[in-house]
Structures are given as structure tokens and as C-alpha cells.
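S.K.: Read off the chains here:
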Amino acid sequence: GQNIDQPTEMTATEGAIVQINCTYQTSGFNGLFWYQQHAGEAPTFLSYNVLDGLEEKGRFSSFLSRSKGYSYLLLKELQMKDSASYLCAVNPSGTGFQKLVFGTGTRLLVSP
Amino acid sequence: DSGVTQTPKHLITATGQRVTLRCSPRSGDLSVYWYQQSLDQGLQFLIQYYNGEERAKGNILERFSAQQFPDLHSELNLSSLELGDSALYFCASSVVPSTSGVQETQYFGPGTRLLVL
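These protein sequences, in sequence, are chains A and B. All residue numbers for the first sequence refer to the numbering used here, where the first residue is 1 and numbers rise by one. All residue numbers for the second sequence refer to the numbering used here, where the first residue is 1 and numbers rise by one.
Think of the hints as simulated: they come from the structure by calculation, not from any bench. Just so you know, not all the hints are guaranteed correct.
[Said to hold, decoys possible] Here are some chain B residues pointing at chain A (derived, C-beta under 10 Å):
no.	residue
1	THR7
2	LEU43
3	ASN51
4	GLY52
5	ALA56
6	GLY58
7	ARG63
8	GLN67
9	PRO70
10	THR105
11	LEU115
Computed from a prediction, not measured in an experiment: that's the story for all the values here. All C-beta atoms, glycine included, are put in the ideal place defined by N, C-alpha and C.
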């Protein structure tokens, strides 16, 4: 089976740094995605990792360790608008066709 | 705005009924994906189409079916609706499903909120 685990909720303060962890156990691995989803809205793409290491994109960075089945999303200089759910998704398909498996998401609340 | 459009935005219907959800992918995208998101579950992949052909199937119920038309828009048909089918249904699109190992980012539409009473 496919299993992706993320914390259900996290809280942080405006201006701080927060790290959202994701662990996965899937039948295969062909990349890991992070999406942001505000309540009732569409998920929007944040980052993609397929090789081990850190990918940085502005205030957001994502890290992957394939041997540990582990990723994290790092959000710096938090803003109120960062309050949202953050979804970790893995493509376990070996063919390249994307059958993304999503975690249930981590709801982040940023307070003043 | 991702460029993916979905209609209707909201749909309220009764158990046993049938509904059709519509999705138009971003201009130039050949691949369409359908997802279901319930309150207690994450996004669940249902089915993928590429240029009119079914390419991948997830945990899609037999009561559900989809197709992609020559103009690349897609429809998801849900029949014999049950209370548990109430959910947000998202469509996503990407340029092509990669066979070279290079991933294609999926861009999501605003979703259709289905309520079955």
C-alpha cells in the first residue's frame, strides 16, 4: 500500500520559521511534490524534489531524503497569508505517468 | 488563477441521482486528472486522461466514469449518488504525462463542491 504521514496541525508566529515534515512509504518513488491549499480553494504547486537534497525557492525550501523516505517543507519569514494546508504528495508510479498519492495535509496557523 | 476551469462551482442533488462535472484544462495541456477530496480524507486520485485516452486509474468507483473529448475538455460522471459522495472534486491538468522521468507539474482547477442530500 501507499502511506504518507504529515502532522495534522501546526502553529507559528508571523516572521518565524516553520518546518513541516512528511514521511512516506510507497511502492515506488518518482518524485515528491508540495502543494499549498487555502480552505475551499484549489491546491497550488510549491515545490518538487526527485533527488536528495534541498531545493530553495524564495521563502520556501523543500528537502528530500529518499533513503529515509522523508521530506520537509521549510517556510521562512512567515506571513499571515501563509495560513493554509500544506499537502505532501508522492508519485509512486515507475512509468512516469502521475498517479499522485497525497497526504492528508498539515494545517498551518500563523498568528500575529 | 491556474487557467484550469471547472463547472459548476457548487452542486446540490439527492441520493440516487446522476451528475456531470466539467473541466477545461489549461491551454496547451493534453493531460487531465480528476481528484476527490472529502473532509476526513486527503486528495484521492481518481483517473487520468491524456489526449482523449485513459492513462491511469486510481480508486475510482464503478458508479463513476470520465471521458476526455477531442477539444480536450473532460467530464466526470457520478451516478447512483450516495451521501458519502459529498466532496470537493478537483480537476488538474499538465502538459504531457512524462515518460522520460521528468515530472510535469499538475495545475488544479477551483473545484466543484458536491453535496448529496
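S.K.: Could you run down the list of hints and mark each one as holding or not?
M.R.: Hint check:
Among the interface hints, the one on THR7 of chain B is violated; its C-beta lies about 14 Å from the nearest C-beta in chain A, farther than the 10 Å criterion. Among the interface hints, the one on LEU43 of chain B holds; its C-beta lies about 4 Å from the nearest C-beta in chain A, closer than the 10 Å criterion. Residue-level restraint check for ASN51 of chain B is violated (minimum Cβ-Cβ distance to chain A is 13 Å; threshold 10 Å). Taking 10 Å as the C-beta cut-off, the interface hint given for GLY52 of chain B is violated, the closest approach to chain A being about 15 Å.
At about 5 Å, the closest approach between the beta carbon of ALA56 of chain B and any beta carbon in chain A falls short of 10 Å, and the interface hint on this residue holds. For GLY58 of chain B, the interface hint holds, since its Cβ comes within 10 Å of a Cβ in chain A; the closest pair sits about 6 Å apart. The closest approach between the C-beta of ARG63 of chain B and any C-beta of chain A is roughly 20 Å, which is over the 10 Å cut-off, so the hint fails. A hinted interface residue such as GLN67 of chain B counts as satisfied when its beta carbon comes closer than 10 Å to some beta carbon of chain A; here the least separation is about 18 Å, so the hint is violated.
With its C-beta approaching chain A no nearer than about 21 Å, PRO70 of chain B sits outside the 10 Å limit, and its interface hint is violated. At its closest, the beta carbon of THR105 of chain B sits 5 Å from a beta carbon of chain A; the interface hint therefore holds under the 10 Å criterion. At a threshold of 10 Å, the smallest CB-CB gap from LEU115 of chain B to chain A is about 13 Å, leaving the interface hint violated.
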